[in-house]
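S.K.: Here is what each chain is made of, one letter per residue.
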Amino acid sequence: KAGVTQTPRYLIKTRGQQVTLSCSPISGHRSVSWYQQTPGQGLQFLFEYFSETQRNKGNFPGRFSGRQFSNSRSEMNVSTLELGDSALYLCASSLERGPDTQYFGPGTRLTVL
Amino acid sequence: AQSVTQLGSHVSVSEGALVLLRCNYSSSVPPYLFWYVQYPNQGLQLLLKYTSAATLVKGINGFEAEFKKSETSFHLTKPSAHMSDAAEYFCAVSDMNRDDKIIFGKGTRLHILP
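Chains as they are written, first to last, in my numbering: chain A, 7 to 119; chain E, 170 to 283.
Hints were generated in silico from the structure; no laboratory data involved.
Fair warning: this is a prediction, and the values are worked out from it, not measured in the lab.
Since no wrong hints were added, every one of them can be taken at face value.
Derived DSS-like pairs (lysine-lysine); straight-line CA-CA distance at most 25 Å:
no.: 1; chain 1: E; residue 1: 275; chain 2: E; residue 2: 227
no.: 2; chain 1: E; residue 1: 238; chain 2: E; residue 2: 218
no.: 3; chain 1: A; residue 1: 63; chain 2: E; residue 2: 275
no.: 4; chain 1: E; residue 1: 237; chain 2: E; residue 2: 218
no.: 5; chain 1: A; residue 1: 63; chain 2: E; residue 2: 218
no.: 6; chain 1: E; residue 1: 227; chain 2: E; residue 2: 237
Work out the full structure: start from the sequences and follow the hints.
M.R.: What follows is the structure in structure tokens.
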């Protein structure tokens, strides 16, 4: 079974631009969660999607948004990029919601200049 | 609210020595607890998880962890360190409510000395 895939793997953007990251979960998994990982803050939860609905949200500004499609693929969007948005963005999928085992993708490394 | 504290952002052990990575949690309800490992330029991989069954949990790559409710701890151990164990390790907590998210600790980077 193919693992969680994330595209692109690397991105370089400038301040003020917007970016869209994509995540394809493991086949059959219905829950997709997104995390931001930085050296200073560690792993911070962004949001969780299940059945095309956002079920949970972390403490991030409205510039961070996401969606999930009927095939469970998910995208996250960051508008008006700031230098502090530079991070590794990780996507994780699981069969169901809640404390089920999450399987992580390799991440998208975003650099904002 | 739940939280996780990992003691020591960096831990160094000699190859063949005992590995002990500390994790303390805070949860108002019985928790689910996880240990994940992250190798450079990769995502996180589940090592083991506690879901209220046996308190001693065995995981992959020879790692195990013991849930101690009285100490609110879930420390990760491995009897004999290998060079390939060098990575960053994350402890995480969630409760059994499907509406709750998983909270990760800040991670411990394990260095293996030859």
